[in-house]
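Asks: For the protein sequence lines, the chains are S and C, in the order given.
Heads up: the first sequence at position 292 corresponds to 835 in this note's numbering, and the numbers run straight through without jumps.
Heads up: the second sequence at position 53 corresponds to 596 in this note's numbering, and the numbers run straight through without jumps.
Be aware that a few hints might be false.
What the hints assert, rightly or not - Calculated pairs, DSS-like style, for lysine-lysine (alpha carbon to alpha carbon, straight line, at most 27 Å):
id: 1; chain 1: S; residue 1: Lys875; chain 2: S; residue 2: Lys799
id: 2; chain 1: S; residue 1: Lys799; chain 2: S; residue 2: Lys565
id: 3; chain 1: S; residue 1: Lys802; chain 2: S; residue 2: Lys728
id: 4; chain 1: S; residue 1: Lys648; chain 2: S; residue 2: Lys692
id: 5; chain 1: C; residue 1: Lys565; chain 2: C; residue 2: Lys810
id: 6; chain 1: C; residue 1: Lys546; chain 2: S; residue 2: Lys585
id: 7; chain 1: S; residue 1: Lys810; chain 2: S; residue 2: Lys748
id: 8; chain 1: C; residue 1: Lys648; chain 2: C; residue 2: Lys546
id: 9; chain 1: C; residue 1: Lys546; chain 2: S; residue 2: Lys565
id: 10; chain 1: S; residue 1: Lys546; chain 2: C; residue 2: Lys565
id: 11; chain 1: S; residue 1: Lys875; chain 2: S; residue 2: Lys553
id: 12; chain 1: C; residue 1: Lys810; chain 2: S; residue 2: Lys546
Stated by the list, open to error - Footprint (simulated), chain S over chain C, 3 or more residues, beta carbon under 8 Å:
id: 13; stretch: 626–633
id: 14; stretch: 680–691
id: 15; stretch: 714–727
id: 16; stretch: 799–809
To be clear, the hints were calculated from the coordinates, so they are not data collected in a lab.
As the structure is a computational prediction, the values presented were derived from the model and not from experiment.
Positions of the beta carbon are idealized from the N, C-alpha and C atoms, including for glycine.
2 protein chains.
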Amino acid sequence: MTKTIESTPKQDRFRMPGEYEKHTGCWMLWPERTDNWRNGAKPAQRVFAQVASAIAQFESLTMGVSAGQFVNARGMLPPHVRVVEISSNDSWIRDCGPTFVVNDKGLVRGIDWIFNAWGGLESGLYFPWDLDDLVPQKVLDIESYDRYKAPMVLEGGSIHVDGEGTLITTEECLLNTNRNPHLSKSEIEEILSSYLNLERIIWLKRGVFNDETNGHVDNLACFIRPGVVALTWTDDKNDPQYEISHEAYEELIDSKDAKGRRLEVHKITQPNTITITYEESQGVDAIDGTIPRQEGDRMAGSYINFYIANGGVIMPTFDDPYDQIALEKLSKLFPDRSVVGVPAREILLGGGNIHCITQQQPSG
Amino acid sequence: MTKTIESTPKQDRFRMPGEYEKHTGCWMLWPERTDNWRNGAKPAQRVFAQVASAIAQFESLTMGVSAGQFVNARGMLPPHVRVVEISSNDSWIRDCGPTFVVNDKGLVRGIDWIFNAWGGLESGLYFPWDLDDLVPQKVLDIESYDRYKAPMVLEGGSIHVDGEGTLITTEECLLNTNRNPHLSKSEIEEILSSYLNLERIIWLKRGVFNDETNGHVDNLACFIRPGVVALTWTDDKNDPQYEISHEAYEELIDSKDAKGRRLEVHKITQPNTITITYEESQGVDAIDGTIPRQEGDRMAGSYINFYIANGGVIMPTFDDPYDQIALEKLSKLFPDRSVVGVPAREILLGGGNIHCITQQQPSG
Chain S
544 MTKTIESTPK QDRFRMPGEY EKHTGCWMLW PERTDNWRNG AKPAQRVFAQ
594 VASAIAQFES LTMGVSAGQF VNARGMLPPH VRVVEISSND SWIRDCGPTF
644 VVNDKGLVRG IDWIFNAWGG LESGLYFPWD LDDLVPQKVL DIESYDRYKA
694 PMVLEGGSIH VDGEGTLITT EECLLNTNRN PHLSKSEIEE ILSSYLNLER
744 IIWLKRGVFN DETNGHVDNL ACFIRPGVVA LTWTDDKNDP QYEISHEAYE
794 ELIDSKDAKG RRLEVHKITQ PNTITITYEE SQGVDAIDGT IPRQEGDRMA
844 GSYINFYIAN GGVIMPTFDD PYDQIALEKL SKLFPDRSVV GVPAREILLG
894 GGNIHCITQQ QPSG
Chain C
544 MTKTIESTPK QDRFRMPGEY EKHTGCWMLW PERTDNWRNG AKPAQRVFAQ
594 VASAIAQFES LTMGVSAGQF VNARGMLPPH VRVVEISSND SWIRDCGPTF
644 VVNDKGLVRG IDWIFNAWGG LESGLYFPWD LDDLVPQKVL DIESYDRYKA
694 PMVLEGGSIH VDGEGTLITT EECLLNTNRN PHLSKSEIEE ILSSYLNLER
744 IIWLKRGVFN DETNGHVDNL ACFIRPGVVA LTWTDDKNDP QYEISHEAYE
794 ELIDSKDAKG RRLEVHKITQ PNTITITYEE SQGVDAIDGT IPRQEGDRMA
844 GSYINFYIAN GGVIMPTFDD PYDQIALEKL SKLFPDRSVV GVPAREILLG
894 GGNIHCITQQ QPSG
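Could you put the whole structure together from the sequences, leaning on the hints where they help?
Replies: Next comes the structure, spelled out in structure tokens:
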């Protein structure tokens, strides 16, 4: 049964596995807030159900849902998806959920970071975020896993690990004054190392252009396997993403990982510019304190925001010619997995993508 | 993962075990409605926490709780109690929860009966009861157990089984027009037999005097083990319970169980009359449509309303001289279990007792 442990995962020889390591399953949260998801969240719910079904082909999938949406979600999801009541303020379990860590003996525990809705009262995306902040505890209670309470604001989407001691992240997010202003860069490194069991942290400067998360790395770059990274890309010098991707590329190929390897970096060309339509903007309740969804706003589309399942990869598609190119590239990079595309525009409209709405639960 | 099965447990060779058979654990629901539980449900919450702690000495205990009470319940319960979000209209999981059935191969499934809050619109105890009616599905989803949807209104507290084909119940409840007016007695027997895998149903006439459940058997009589029954008792001819208990005694000793055994019946003298005090009545929100809690009302106190755990029995006490007598009797009847008393007046004030707020999950 769940207890809160006072030591750190590193002290107890637990580590965060790479996403490509074996999973027990995956967690998601059901979208419903009408000030973020258009048309009563119905289009988003259909896409979340598609993502859930796609993942459930490969591994167990648990959907957390509020009391009010339980019957609707249960009805929209296939029977083999587990539906449990978990209230939340929105549906980004990558960011508000627990980070699972494992040890050599097959034990699994969870890290419960502090969550402040991507910036707290200074520039967070909504208020309150009290239910989101309880999601890790609720997930861990259901699984009867012990919990580490980490003394730092962190969203899961702001980090990627290779499972062998290396983490990549961005300064734009982790050093942002709206996250942990009282902590220095080296104090943040110390906490990350203690909780995720790291020896090497690779700092990129900025995340994807106009990403409202303050540059989460999971939209920009990720590990394909230890030593191998994928990076969102554009060759268009007039695109604001050009400089960001090129800068990240240089930083990545100049880096060595915890095992002393130079990183192999694969470029995945981003989709064409995606902007919010008038009709889409009109479907969202305009509420003070929630980030507005306005016609013409550019969304942070990227193929990097995929989810790696047991034997599969669930990749966002955007009805764009680059979809097929990304799909082929990922299929080559993951020769042992089936790459499945899911149309993800509706998730993008809510401010994230497939990786942001999923959280893997590694096997012990 | 959870699917709904169209056949019946009997067809699939599943049966409901006796409560004294081995459990995986126990389920409860956290009390909070202020129109039933006095003083904001705080005294009841303390007693529910005591019951949960007492059970958790013997077996795993999961507490279902609404989003709004999650943090409070988590704080009031010991760390080894699992707390999960399950919204409900009130906290009687014996009645609204699933009935677990098992087969010889160690599989466990759940029966989801129709729940109508002890009488529906005719004479139910509150409205609405939509969340209560979803509790079985939520419990089964968390456990990834398959579900039978039974075509009948039934509360778990209105039946007791010996696990060997025998069920005891009361006509006052199961034949009440506020439950299944469209079903005849023999149709009800047919459904009970198909879903619980029975060969013998013993009908008692009436439950405990003034029991607002319409005479649930679990306050009147229960199996100690196959062939052995305990019955609430009084020798006071002026007590309205006198005739009920004597009548039930005659019915029980005249009965044979599914194995052809005559039942051995043990009398457990009831506590002295317990009535609601003025102060207690004043702590409850007076709301139209909820059963009122009025000064001087007699409550249906009985020692029979205990919970059998792995190696333990959790028995209600009432600060009454008969507590000790009941405790000694139960200790003799359960020589291999520790009998633990928990002061239960606060549960009685809400309309039930320890058995009513618990639901065992048998081992496969």
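Asks: Under the constraints set out in the numbered hints, which ones does this structure not fulfil?
Replies: The structure conflicts with hints 11, 12, 15 and 16, although it agrees with all the remaining ones.
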